[in-house]
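The lines below spell out each chain.
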Amino acid sequence: MWSPARRRRIVPYGLLGPGAIWLVLFFVVPMYYMGQMALRSGSLESGGFTFSWEWANFGDALAGNEEQLLRSFLYAGSATLIALAIAYPLAYAIALRAGRWKLLLLFAVVAPFFTTYLIRTIAWKTILADASPAVGVLQFLHLVPQDGRVLATGGAVVAGLTYNFLPFMILPIYASLERMDVRLIEAANDLYASSAMAFLKVTLPITAPGIVAGVLLTFIPAVGDYVNALLLGGTGQAMVGNVIQSLYLQQRDYPEAAALSFVMMLAILLVVAVYLRLAGTGAFMGEEEEAR
Amino acid sequence: MSAAWRWVRRNALLVYAAIAVLYMLAPIVVIALFSFDKTSGGKLDYAWNGLTLEYWRDAIANEAVNEAMITSLELAALATLVATVIGTLMALALVRHRFRGRTVSNLLIVLPMATPEIVIGAALLSMFLIYGLELGFTTLFIAHVMFSISFVVVVVRSRLIGFDRSLEEAAADLGAPPLTTFRTITLPLLAPGIVAAALLAFALSIDDFVISNFNSGTTETFPLYIFGVSLRGIPVQVNVLATLLFLATVVAIALVLWQQRRAEKLAGVAAD
Chain X
2 MWSPARRRRI VPYGLLGPGA IWLVLFFVVP MYYMGQMALR SGSLESGGFT
52 FSWEWANFGD ALAGNEEQLL RSFLYAGSAT LIALAIAYPL AYAIALRAGR
102 WKLLLLFAVV APFFTTYLIR TIAWKTILAD ASPAVGVLQF LHLVPQDGRV
152 LATGGAVVAG LTYNFLPFMI LPIYASLERM DVRLIEAAND LYASSAMAFL
202 KVTLPITAPG IVAGVLLTFI PAVGDYVNAL LLGGTGQAMV GNVIQSLYLQ
252 QRDYPEAAAL SFVMMLAILL VVAVYLRLAG TGAFMGEEEE AR
Chain E
3 MSAAWRWVRR NALLVYAAIA VLYMLAPIVV IALFSFDKTS GGKLDYAWNG
53 LTLEYWRDAI ANEAVNEAMI TSLELAALAT LVATVIGTLM ALALVRHRFR
103 GRTVSNLLIV LPMATPEIVI GAALLSMFLI YGLELGFTTL FIAHVMFSIS
153 FVVVVVRSRL IGFDRSLEEA AADLGAPPLT TFRTITLPLL APGIVAAALL
203 AFALSIDDFV ISNFNSGTTE TFPLYIFGVS LRGIPVQVNV LATLLFLATV
253 VAIALVLWQQ RRAEKLAGVA AD
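Chains X and E supply the protein sequences, listed in that same order. Numbered by the numbering used here, the letters in the first sequence go through residues 2 to 293 in order. Numbered by the numbering used here, the letters in the second sequence go through residues 3 to 274 in order.
The set of hints was computed from the structure by calculation and includes no laboratory data. It is possible that some hints are incorrect.
As the list claims (entries may be wrong) - Pulled from the structure, derived: some chain E residues nowhere near chain X, Cβ distances all over 12 Å:
hint	residue
1	TYR25
2	ASP47
3	ALA116
4	ALA125
5	SER168
6	ALA256
What the hints assert, rightly or not - Computed footprint of chain E on chain X; a stretch qualifies when at least three of its residues, placed anywhere within it, have a C-beta under 8 Å from a C-beta of chain E:
hint	segment
7	23-34
8	60-73
9	104-112
10	193-205
11	239-252
Beta carbons are placed, not taken as given, at the ideal position from N, Cα and C, and that holds for glycine.
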């Protein structure tokens with residue numbers, strides 16, 4: 002039999018094995034095949050696609066879809082910013098001010114997760130429909146022209162994205178606020194910092210990792226989303242996800258669809274890299290003075 | 003300045019939180035409300051037509067809706083079972099053991115969560131197409147387990163970190179073999195975390211549209227069915243079932259929280 006020392010070395014791999022194999026086989030390997038698909042040529046009619054280092058697919062994927070690609074980043078970026086503006090005060094209130102209502106409020110925040118994504122979005126279609134009371138209020142406030150509509154505009158798509166990915170923004174920020182040692186704020190106040198100053202110099206830098214995580218968890222899925230654009234947008238609001246979806250499932254031009262998926266992933270990675278550089282893991286807000 | 007205004011100023015943050023929470027819940031209210039909508043032809047038309055109990059009485063009268071719902075429940079149950087077991091094992095390995103390849107393993111778990119769903123769906127479809135695999139329940143099952151694993155690991159791991167090991171050590175000192183310790187001490191203490199992870203996996207699976215849309219073939223889950231009919235008109239029963247599903251989840255979560263508190267209390271008593 003195996004010696005205890007040897008067994009101890011083997012055990013973690015045994016535990017990790019099934020999950021790791023599943024993730025490699027059905028996450029890593031498919032990525033390789035998508036890359037391979039992106040370099041194939043041919044057509045379904047002529048007997049399928051064969052691998053031929055067809056780099057031109059990437060040019061084809063980009064040409065004519067720049068507009069949708071750009072729009073995806075614009076919509077996802079706006080939705081992320083709005084979500085951050087809504088999420089931070091809410092997470093702050095729940096973590097530090099809610100008292101015994103904490104659990105209930107937290108539950109209300111994740112509750113939308115427990116209704117089907119599509120039904121939720123369709124519910125927004127009802128709320129934003131032309132004759133709905135909500136649109137009436139917006140028209141009364143002159144935020145929307147008297148004869149204007151909300152549905153089938155870019156605003157509706159951004160609103161849908163914001164709503165659907167908001168829990169991803171709230172939860173990491175809530176977690177970082179919850180973990181924060183509140184005595185640090187008291188210390189700042191004892192040292193004559195105004196509450197605004199204490200927030201800027203203490204709370205915000207400490208919760209920066211939560212903000213960074215929330216922004217990434219909201220932005221990345223929002224760029225690739227196509228449900229909101231499909232259900233809430235009109236013909237002029239298609240995002241890159243809509244194009245990929247249609248290339249794969251309707252036009253069945255798999256190589257170009259795979260190439261466009263890669264272009265989108267690369268663009269996301271680029272934006273995320275720049276963002277992480279700017280936001281930094283430590284040099285966020287208050288700490289930049291320290292770094293100088 | 004009136005007293006009311008002063009109160010609002012003092013509690014501005016809480017007032018704001020209340021408004022934000024109402025906003026979060028608005029669609030759920032709409033879904034529940036419109037399950038009582040008296041619409042002609044039994045299809046939602048995005049406007050209020052008056053109150054009726056008809057569709058709640060005939061909640062299971064629409065065959066197609068039911069069939070899709072049953073497929074979804076079967077798929078979610080199977081995927082949850084598999085993902086929870088292998089995800090829990092992974093979390094145990096990552097928290098309890100030091101070994102070569104931990105960093106890579108962590109990356110393998112984080113990456114699927116940081117990849118847009120459409121890319122996961124498209125990549126899987128590319129592979130299935132190249133191998134000529136027939137799309138259907140099996141490919142859906144593969145995909146659902148895949149995207150659930152990471153979330154299970156994250157939830158169980160957070161429970162394992164800060165886990166009081168003194169009870170396990172006591173059992174070992176009293177001569178219990180490792181597997182007995184695991185079965186009688188570790189597993190019961192870990193149970194609330196595992197149940198929470200399973201609940202999350204179930205919710206993710208039953209809710210998934212994007213990845214399923216790529217890998218379903220002709221198999222129709224509840225979200226796929228809704229998408230299919232969303233252009234032709236959605237039966238009101240969809241809202242009824244969505245409301246029921248939501249209520250069932252609320253009850254399940256309440257039970258988990260209650261059980262978690264009880265387990266913590268028991269662990270606290272045992273530790274004393």
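Each hint tested on the structure:
1. A beta-carbon of chain X comes within 12 Å of the beta-carbon of E:TYR25; the shortest separation is about 8 Å.
2. Not every C-beta of chain X lies more than 12 Å from that of E:ASP47, the closest at about 9 Å, which undercuts listing it as non-interface.
3. For E:ALA116, the shortest C-beta to C-beta distance to chain X comes to about 6 Å, within the 12 Å cut-off, and the non-interface label is violated.
4. Distance check for E:ALA125 against chain X: the nearest CB is about 4 Å away, which does not clear 12 Å, and the non-interface claim fails.
5. With a least beta-carbon separation of about 21 Å from chain X, E:SER168 lies farther than 12 Å from that chain, consistent with its non-interface assignment.
6. Residue-level check failed: E:ALA256 sits 9 Å from the nearest beta carbon of chain X, not beyond 12 Å.
7. With 10 residues having a Cβ less than 8 Å from any Cβ of chain E, the segment 23-34 of chain X passes the three-residue criterion, so the hint holds.
8. With 0 residues carrying a beta carbon less than 8 Å from a beta carbon of chain E, the segment 60-73 of chain X misses the three-residue requirement, and the given coverage is violated.
9. Requiring three or more residues with a Cβ within less than 8 Å of a Cβ of chain E, the coverage given for the segment 104-112 of chain X holds, as 6 such residues are present.
10. With 0 residues having a Cβ less than 8 Å from any Cβ of chain E, the segment 193-205 of chain X misses the three-residue criterion, and the hint is violated.
11. Given as covered by chain E, the segment 239-252 of chain X passes the check, having 5 residues with a CB less than 8 Å from a CB of that chain where 3 are the minimum.
Violated hints, in rising order: 1, 2, 3, 4, 6, 8, 10; the structure is consistent with all others.
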